[in-house]
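*Asks:* For reference, the chains in residue letters:
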Amino acid sequence: MIMEKNESNMVTIHVMGKSHEVPGDLTIMKAMEYAGHQFRRGSGCRGGYCGACATIYRTKGSYKLLGALACQKMVEDDMYIAQIPFSPAEKKTYDINDLRADANAFMVHYPEISRCLSCNTCTKACPQDIMAMDYVQAALRGDVSEAARLSFDCISCGLCAVRCPAEIVPYNIAQLARRLYSKFVDGPAEHVLEKVKEVEAGKFDDELAELQTLDRETLKERYETREKRL
Amino acid sequence: MSPGKSGHYFTFRPENASFKAKIEELSGENIDLCMQCGGCSSGCPLTEEMDLLPSTIIRYAQLGMEEALDSNTPWVCITCFNCEVRCPRGIDVANVMEALRQATLRAKYDRFSLDELTPEELMELPQIAIISNQRKLTG
Amino acid sequence: MKLPYYPGCTLKTNAENFETSTLEAAEALDIELVELPRWNCCGTVHALAKDDVMHYLAPIRNLVRVDQMLAEGDVEDGKLVTQCVMCWNTIKRANTAAIEDPDKMGKIKDFMEKEPEYSGKVEVLHFLELLKEKGWDTISGAVKLPLEGLKVAPYYGCLLLRPREVALDDPDNPRIIEDLLEALGAEVVDLAYKSKCCGAYHAVHLKEVTAELSHKILSQATELGADMVVTACPLCEFNLGKRQHEIKKLHPEFGSIPVVYYTQLMALAFGLNEEATAFDENTPDPRPLLAEKGLIMER
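Which chain is which? The protein sequence lines are C, Y and H, in order. Using this note's numbering, read the first sequence as starting at 26 and increasing by one per residue. Using this note's numbering, read the second sequence as starting at -16 and increasing by one per residue. Using this note's numbering, read the third sequence as starting at 5 and increasing by one per residue.
Hint data in this document are derived by calculation from the structure and do not stem from the laboratory. Treat the hints with caution; some may be incorrect.
Unchecked claim - In silico SDA-like pairs for lysine to any residue, Cα to Cα no more than 25 Å straight-line: (1) H/Lys16 to C/Thr250; (2) Y/Lys91 to C/Gln153; (3) H/Lys211 to Y/Leu97; (4) Y/Lys91 to H/Leu210; (5) H/Lys16 to C/Asn34; (6) H/Lys111 to C/Leu91; (7) Y/Lys5 to H/Lys211; (8) C/Lys253 to C/Glu215; (9) H/Lys16 to C/Asn145; (10) H/Lys118 to C/Ser181; (11) H/Lys108 to Y/Glu107; (12) H/Lys220 to Y/Glu8; (13) H/Lys113 to C/Asp159; (14) C/Lys208 to H/Lys54; (15) C/Lys89 to H/Lys108; (16) H/Lys246 to C/Val133; (17) H/Lys111 to Y/Ala4; (18) H/Lys220 to Y/Arg69; (19) C/Lys117 to Y/Met106; (20) H/Lys111 to C/Lys117; (21) H/Lys252 to Y/Glu103; (22) H/Lys108 to Y/Glu8; (23) H/Lys118 to C/Gln153; (24) C/Lys149 to H/Asp71; (25) H/Lys211 to Y/Gly26; (26) H/Lys220 to Y/Asp34; (27) Y/Lys91 to H/Asp55; (28) H/Lys54 to C/Ala191; (29) Y/Lys5 to C/Pro190; (30) H/Lys220 to Y/Ala4; (31) C/Lys89 to H/Ala32.
Construct the complete structure from the given sequences, taking the supplied hints into account.
*Replies:* Dropping the structure here:
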């Protein structure tokens, strides 16, 4: 299905110094493609989940440089756009088994966390409305659970790292916090381990063997009349 | 003219009035009040590590001698405020030291980098030590 | 009495014994310390450059939290209690400087646009000031195990007494920790070096310097017959206590001397249990000495 071009709502956007007329009901990403740009970097899931399309933009009349995801943010008239497809942040390597869920894990691998000024610039830059300063501070005081909880929606787009005046990379800290949380605080998913044991014990072997002998029609019927757990 | 500890001669440099003004502005102190009594230097716990005494540094600043910025004194200063308490003219000498540090740090110079610390040191040191080190020695 | 309490990062990590003993000792005195919600690192050193606004954000943000706590009714008084001396010094100085400079306060308010405006009414207290307010007689009244025979040298460090604008006691001749120790029944050993700097944050990259400075303080304490040294600052405790192995490297003849937080001695004197006194987290271990003095059970 080809969408009708909505010519009544055209806006002007400026990309890397060049101006383009684009329909006003498109996202930044679609608008740039409409204008002829081809995304080789800086595009991924197109669904607000992968963090590849980090973008800095400004609207006319405002002095503020703001951050957004190109695949989510709608264009506005006289929007000035620049892409940040990659933050060359250092990602430390560590063996999770050697760590503990405490402040030392962060201080040893990301000691720059001690430079945090509590200025909240990271929170302001975040396109996911995450309270980034709060999770960095939680990590600094060893509260791994809180840091993991607050950073749950983080997609590592890098806008916070690009703006931080203390040169911290918040999303790497969040990543470590979530890993520590799952490993040491939350623990393994018991129900999954149980199920795996059942599978290994052969509980489902007969059923599986039977399914492999059935023809397509019977399989379809079995599937459609399956017991649904709501 | 007698040499300071480092062998420098004191010279009046009126052409560096802006340097003196910058130090006064950053520190908020009137350094012309200093009468070189040496009280700050006598109370300072770290003079053995310094190449210039605190009172000498103030003299340099008074005269507009930018050599003060080459001294290690502002970096050895531990901001213990002993000097502030002792100054009979009410100068907060620690503020002047900070102004000298800022004059350098704001020109994109860091005195110490966290990269120099080993993981063992990072484990051992209390957070306030690392945080204050970074606040004082980096921009 | 429910008061807002600001722990600071280090009391939650490397100085947990300080926090534990503080909260327990406070409870024994009917003081309930309610931790600030969503608090952030205070920045530990007051921003001395006059044009600095950025480094004020951290302490002022914490003061806004106190306002919020008061508004929600979580605490009864707008007096913020801190235990870490560096935090106390930083937040108190930022508080004073910001209130006195409406221009700076305006900039801070604009920058922190999403936060409620700071009322300017929070008073920043150190735990020792709170104790003094309570009265030394009240403290003595709560003592179950007088620290008889224990010779303690109070070590103030720098930031409790300097600069003059924040000093909680006379910088040249302080008495507050001495009064506290006497109320607990201990014998006070007066050090000339009680407020001479231990080297503070030079512990990071100038280890020998802090070891030398700490050595001077500790040798004086030993010479004057002190059994142990008490301190109020986690960084002093680190330099004087945990870094004694560095002192030994420079001075092999140096004999170790225990260094504890004053709240740990309070917890001991109030008859609280091992978890409250938290001596197991101190290096060197003070327990053998305390057992010798008959103040704790032999292990």
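*Asks:* Regarding the pair H/Lys111 and C/Lys117, is the alpha-carbon distance no greater than 25 Å?
*Replies:* With Cα atoms ~37 Å apart, H/Lys111 and C/Lys117 exceed 25 Å; violated.
*Asks:* Under the criterion that the straight-line Cα-Cα distance not exceed 25 Å, is the pair H/Lys252, Y/Glu103 satisfied?
*Replies:* holds, 19 Å
*Asks:* Is the hinted pair H/Lys118 and C/Gln153 satisfied, with a Cα-Cα distance of at most 25 Å?
*Replies:* holds, 17 Å
*Asks:* Below or equal to 25 Å on CA atoms is what counts here, so check H/Lys246 against C/Val133.
*Replies:* Holds - the C-alpha atoms of C/Val133 and H/Lys246 are around 19 Å apart, at most 25 Å.
*Asks:* Within 25 Å, alpha carbon to alpha carbon, are H/Lys211 and Y/Gly26?
*Replies:* holds, 21 Å
*Asks:* Assess, step by step, whether the Cα of Y/Lys91 is no farther than 25 Å from the Cα of H/Leu210, and give holds or violated.
*Replies:* holds, 22 Å
*Asks:* Verify the proposed pairing of C/Lys89 with H/Ala32, using a straight-line Cα cut of 25 Å.
*Replies:* violated, 53 Å
*Asks:* Could you grab the alpha-carbon distance between Y/Lys91 and H/Asp55 and see if it respects the 25 Å cut-off?
*Replies:* Given pair Y/Lys91, H/Asp55 holds - Cα atoms ~17 Å apart, limit 25 Å.
*Asks:* With a cut-off of 25 Å on the C-alpha distance, tell me whether H/Lys220 and Y/Arg69 pass.
*Replies:* The given pair, whose Cα atoms are some 21 Å apart, holds under the 25 Å limit.
*Asks:* Taken at face value, is the distance from the CA of Y/Ala4 to the CA of H/Lys220 at most 25 Å?
*Replies:* violated, 39 Å
*Asks:* Hint check: H/Lys16 vs C/Asn34, CA-CA at most 25 Å. Holds or violated?
*Replies:* The hint is violated at about 56 Å.
*Asks:* Is the Cα-Cα distance between C/Lys253 and C/Glu215 25 Å or less?
*Replies:* holds, 23 Å
Of the numbered hints given earlier, the model fails hints 1, 2, 5, 7, 11, 12, 14, 20, 30 and 31; all others are met.
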